[in-house]
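Quick note: the sequence shown uses the numbering used here, first residue 333, plus one each step.
There may be inaccurate statements among the hints.
Unchecked claim - With a straight-line Cα cutoff of 27 Å, these simulated DSSO-like cross-link-like pairs (lysine-lysine) come out: (1) Lys473 / Lys524; (2) Lys375 / Lys524; (3) Lys552 / Lys391; (4) Lys453 / Lys485; (5) Lys375 / Lys473; (6) Lys473 / Lys458; (7) Lys458 / Lys378; (8) Lys605 / Lys552; (9) Lys485 / Lys348; (10) Lys645 / Lys524; (11) Lys453 / Lys348; (12) Lys463 / Lys348; (13) Lys334 / Lys485; (14) Lys411 / Lys428; (15) Lys391 / Lys348; (16) Lys348 / Lys524; (17) Lys411 / Lys476; (18) Lys476 / Lys374.
Bear in mind the hints are in silico, worked out from the structure with no lab data behind them. Small disclaimer: the values here were computed from a predicted structure and weren't measured.
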Amino acid sequence: MKTQALINFLNTCSPKRIAVIGHRNADPDAICSMYAFSYFLKKLYKDINVSLIAEDVNKVSEKIISELNINIETNLFFKPDVIALVDANNLIQIGKIRDFIPEDVPIIIIDHHTAHPETDKISRFKIIDEKATSTSEIIYKILKEASLEIEPKIALSLLIGILYDTRRFTLISNETFSIVLDLLRAGANYNKALELLRTAMDRSEKIARLKAAQRAAIHKIGDWIIVTSHVSTYEASACRALLDLGADVAFVVAEKEDEVRISARATQEFYEKTGISLAKIMEKVGQVIDGVGGGHPTAAGANGNKNAEEGIKVALKTLEEEISNPL
């Protein structure tokens, strides 16, 4: 981790106001890592003003924000000295907030997703760790390297972020277990974290998942079952539902008048046996739909504004080529 380099960079900016910005539909890892990073900044600079900003948040995050009393603004209403993108690595991911970012303000990026081609262009300093299971894990390392005490409320927020992005420890490393143990010793309440992540699925999400199954198109590529579908919303949840039904890989489109979102999910078995990363495939899809794409090997997505059908065709073609011609 490049914590001292991060501190040195911040010192050169002499920041009075910092905007910490997360991606659209911010999930618990985004919210909790943003919150913990603001704690880091406030420990570094006693008189600093830190604003946490996300265009919108998901349903689970709403519960966490309320319980932890986190203030999230929905737009950038001032000119900061520094902008930190946390759990995001390009401007498309933050939605309409990007239209309010001044060109002369330095941008820091802290993320665990596969870097996008835009990442280097827009950032003056970045910490990208694709091996980290969550951005919360990266923020934990920053706090430890800075020799800062992790207070119980911050430990709880980081634990929540890790639990969410590892799917309750489904995707995890030995190092992550060590981090979780340290967070528990710092005062994080494991049962409380689980309680805050537990939300009932609402009716509209249930319907979206059922419609995704109803509209599913099944493609057999080699020994693998690839499923595509479309919904109006909850495309990520619909993807997960299709995997639960038996798909090895799923692509689900959600399309509105001026927006196209494509979510992609794969089983861990598919990734381990093929080595194919959905993040790389969705980068290509992002270009086709006039936007950006990326993510993780087994969970990725793309956002754009046109060519939804062509985006799915590119995803399937690229996947077929990689399955047929393994490295």
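Hints violated by the structure (numbers, ascending): Of the numbered hints given earlier, those the structure breaks are 3, 4, 10, 12, 15, 16 and 17, listed in rising order.
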